[in-house]
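With the sequences and hints as input, model every part of the structure.
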Amino acid sequence: MFIVGCYILTNQRVSLNMGDARGQGTTRQKVSLVEQVKFMRENGRDEELARMKASLSTSRPVEAMTRQTEEKIYKATENVSKSIFMLAHEPSIGLNRIMEHVGNSVPRFAEKKYALKQDIERLQGTVFDATFSLETLKGIGAASGRFQSMSDILTETTRELESSSSATKLAERKP
Numbered sequence: 001m002f003i004v005g006c007y008i009l010t011n012q013r014v015s016l017n018m019g020d021a022r023g024q025g026t027t028r029q030k031v032s033l034v035e036q037v038k039f040m041r042e043n044g045r046d047e048e049l050a051r052m053k054a055s056l057s058t059s060r061p062v063e064a065m066t067r068q069t070e071e072k073i074y075k076a077t078e079n080v081s082k083s084i085f086m087l088a089h090e091p092s093i094g095l096n097r098i099m100e101h102v103g104n105s106v107p108r109f110a111e112k113k114y115a116l117k118q119d120i121e122r123l124q125g126t127v128f129d130a131t132f133s134l135e136t137l138k139g140i141g142a143a144s145g146r147f148q149s150m151s152d153i154l155t156e157t158t159r160e161l162e163s164s165s166s167a168t169k170l171a172e173r174k175p
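The opening residue of the sequence shown carries number 1 in this note's numbering; numbering runs sequentially from there.
One or more hints might be untrue.
[Unchecked claim] List of simulated lysine-lysine pairs, DSS-like, C-alpha gap at most 27 Å:
no., residue 1, residue 2
1, Lys-53, Lys-75
2, Lys-38, Lys-75
3, Lys-82, Lys-72
4, Lys-53, Lys-72
5, Lys-117, Lys-138
6, Lys-38, Lys-72
Hints listed in this document are in silico derivations from the structure and should not be mistaken for laboratory results.
Okay, structure coming up:
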């Protein structure tokens, strides 16, 4: 058996793909870095161990990693994992905030829309009344000539009635 590949997971366990060169008998195990180093030493994988040491950016050798070091690495990667998780789920957090905002704002907007609708109806009624009154006043202004002619006719008729009434009174007195 030999190590085909490895990668560090967020919980500070390493996933090892173990199998032969053809990929047969491949199993996946999660082991700590210390366990991985032990496995490499026991199976004579010194070259792979050297490559792994070179790939790690620590100043201390891998075999010197203690439980305390593993805990520090775990905490650091846990924080990174949390940050990545938050970034990955940020759109859902944003949508949740939008949903809360809409839930709080919609009732106020509905009330304002209802009040605005009532105001518009009252305004339309007032505009109708004002328009009707203006048309009536314009009609009265256009009819003022007719009113004047009716007034003249009434005055003339009144005079004629008075004169005919006086003539009848005179005629009654003459006999």
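Hint check:
1. Lys-53 <-> Lys-75: 21 Å, holds
2. Lys-38 <-> Lys-75: 23 Å, holds
3. Lys-82 <-> Lys-72: Given pair Lys-82, Lys-72 holds - Cα atoms ~15 Å apart, limit 27 Å.
4. Lys-53 <-> Lys-72: Within the cut-off at roughly 18 Å; holds.
5. Lys-117 <-> Lys-138: Outside the cut-off at roughly 31 Å; violated.
6. Lys-38 <-> Lys-72: 21 Å, holds
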